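These protein sequences, in sequence, are chains C and U.
If you're matching positions, the first sequence starts at 1 in the working numbering and goes up one per residue.
If you're matching positions, the second sequence starts at 1001 in the working numbering and goes up one per residue.
Because the hints were derived from the structure by calculation, they are not lab data.
One thing to keep in mind: the hints can contain errors.
Distance windows between CB atoms, simulated [stated by the list, open to error]:
| # | chain 1 | residue 1 | chain 2 | residue 2 | range |
| --- | --- | --- | --- | --- | --- |
| 1 | U | S1068 | C | G121 | 27 to 35 Å |
| 2 | U | E1232 | C | E33 | 43 to 51 Å |
| 3 | C | A58 | U | L1400 | 55 to 63 Å |
| 4 | C | A214 | U | A1299 | 38 to 46 Å |
| 5 | C | P18 | U | D1028 | 50 to 58 Å |
| 6 | U | P1160 | C | G121 | 58 to 66 Å |
| 7 | U | A1299 | C | V17 | 52 to 60 Å |
| 8 | C | T91 | U | P1140 | 37 to 45 Å |
| 9 | C | T91 | U | W1084 | 50 to 58 Å |
| 10 | U | I1397 | C | G44 | 40 to 48 Å |
Bear in mind the structure is a predicted one, so any value in this text is a computation, not a measurement.
C-beta atoms are modelled at their ideal positions from N, C-alpha and C, and glycine is treated no differently.
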Amino acid sequence: MRLSGPPELLALHGADVPAEPDGLVWLGDEPAEAAGVVWRATPGDAAAGVRTIAPGGAGLWRRAPLPAADALFGLPAARGDAGVLVAGGATDARADAVAALTAAGVEARAVAVPAPPDLVGAALVVLVGTPGEPLGALAAPVLAAGRVLVAPRAAPAFGFAAGVDHLAYHDTDELARLAVAAHRHREAFAPVAILGRVAAEAHRASTVLARLAADLE
Amino acid sequence: MRVALLVAELGRSGGMGVIRDWARALDDAVLVLCGEAERSGDEASGRGAPEELDGVPVRPLAAMADESVDVAVATWWTTAEALWDVPARRRVVLLQSLDQRYYHDDEPADRLGAAAVLDLPVGFVAVSAHLARVVTALRPDAPVREVAPGIDKAVFAPAPPRTGPGPLRVLVEGQPSLWFKGVADAVAAVRRMREPAAVTVVAADPEAAGDVGADRVCGALSPGEMAALYAEHDVLLKLSRFEGLGLPVLEAFHVGRPAVLTPVGGAAGIAEHGVNALVVGFDDEPGTTDALDRLARDAALRERLGRGALATAARWPSREDGAAAFAAALRSLADADSPALDAALRRLAHGGRRTVEAVRAEEWRRRAAEWWKDAWRQADERNAEYDRWSRELRARIDELQRRPGFRIEEGLKRLGRLGRRR
């Protein structure tokens, strides 16, 4: 099995797998080369003749969010001055989330797709998205990094439990309330991040990709 | 060593089975009924509390106030509050699961109550490496011992797999009314299969199973009956959202049956994909059905995984070994230093803050839901009012149009229009 995809996605979702010339697994929605398996970051239907993995869609070979890169499990705990990061979703939605947090007295920075250094600098990550949709691809990497995750209430949640290993919101008001509470009382919410990292183990890239390789044999 | 095991029930759940086994093997143990069970006795039998169970005395909590023990063990989160009602040299929490996972996030009181047990100044006994890791991560200051419940190897013995053709016989274990067991998802996965299959659901309380859509529902079985049930099937299907350990997987392995299961923490290091099981992702409907179809089509795969299951089972401790390890763990915790009080109190204090914030968030959610409900009701009332006005207006117009004067006036207008055209 060979793993390929955009570098920013490989940094968040990849792992060192024994490279073999055959059986390309592409991480991302738009494969740049012919792949035996396409693992989409967002929900979408299966491409004709290609084994497609996605968090939702028709004709899928597997339904799953992108895994969490092994390296993220080793990130150190957030520093005392670490801030709030808003990620995922559309630019407008991220701006709305940042505005809601600012109005509640918490400064936040927004990025579309966080790089590992962005996660190092954050104590809490807010994922922007629509409640009721499958849990976003960024959730597992954020939890693997040991950061408190505030995400839209998701269905399916792929084994994660809202209120136990992450915090889930219905709307922007709730997003701001949860994020502010978790940011202001970091030690109180530290167990949520610890349990998040434990839950993310089920999505550890090397484990999940090894299973995938066995299924492709 | 005198041990008081604080229990919330005396029923037939897998967790209670482990406690009964371990209590029986201790030199001097007492089962202490706490909470509702103390008041109502043994609900499972519909009678008052028995004097003893499997030779182990049973006492209500109130009877233990003056009876000191070496170790008091809470076995479920609701029994932890009684730990300090029993005079004990050491206090221990036995973790067979993460109890907070039993509750949805709209049940914050139970969920946070269950989570708070992990903050107590006690020692912990965890039934799996996964649970031990969780406790160590959350409470690096607390003493933790890992004890795997053993399997009765005489009862759960290898049974030959079927050799003839026929539909894949799938056994789903779990109480359907417990949301995290994923029983409905499991039955649905079987129903989506391309290959022929039959599915049995086995539950602790089959009466409460409801209509799960299985070919057969059974339950409340003795260990021997469970072993026979595994032997009748080709594969165990478990799509739990979490399991502290997952004893049914180990029981099936001992009988020589592989499992299709989700990557629950408790199965880590036990279920190996392609060795003794097929591990499928959480909520992965197509992947689960694909795994079952592969097993249905490929007898050699079933046989290979069955052999792997037996190899894993051979390494697993026996029932006697498990009970002896539990006794040793309690002795070790009794002889260890007292748990660090300050660290636990600090955790409890911060846990209190988390409770406040979580309950506050739930209140906001409920208030917002009430606001929307009220807005909907007002809009509905306003609509009804407009509807009434509209109907009254229509009736008034109809009434006016029926008056002779109106008809004469309309007739004259028509004549006038005709005259102008001519």
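So, going through the hints one by one against the coordinates:
Here the CB-CB span from S1068/U to G121/C is close to 54 Å, at odds with the stated 27 to 35 Å. Between E1232/U and E33/C, the C-beta spacing of about 49 Å keeps the proposed range 43 to 51 Å intact. Between A58/C and L1400/U the Cβ separation comes to about 59 Å, which falls inside the hinted range of 55 to 63 Å. Between A214/C and A1299/U the Cβ separation comes to about 19 Å, which falls outside the hinted range of 38 to 46 Å.
At roughly 55 Å, the beta-carbon separation of P18/C and D1028/U lies within the given 50 to 58 Å, and the hint holds. Restraint check, P1160/U to G121/C: a C-beta distance of roughly 59 Å satisfies the suggested window 58 to 66 Å. The hinted range of 52 to 60 Å is not satisfied by A1299/U and V17/C, whose Cβ atoms lie roughly 31 Å apart. A hinted range of 37 to 45 Å for the beta carbons of T91/C and P1140/U is consistent with their spacing of about 41 Å.
For T91/C paired with W1084/U, a C-beta distance near 55 Å keeps the hint of 50 to 58 Å intact. I1397/U and G44/C have their C-beta atoms about 56 Å apart, which leaves the hinted 40 to 48 Å range violated.
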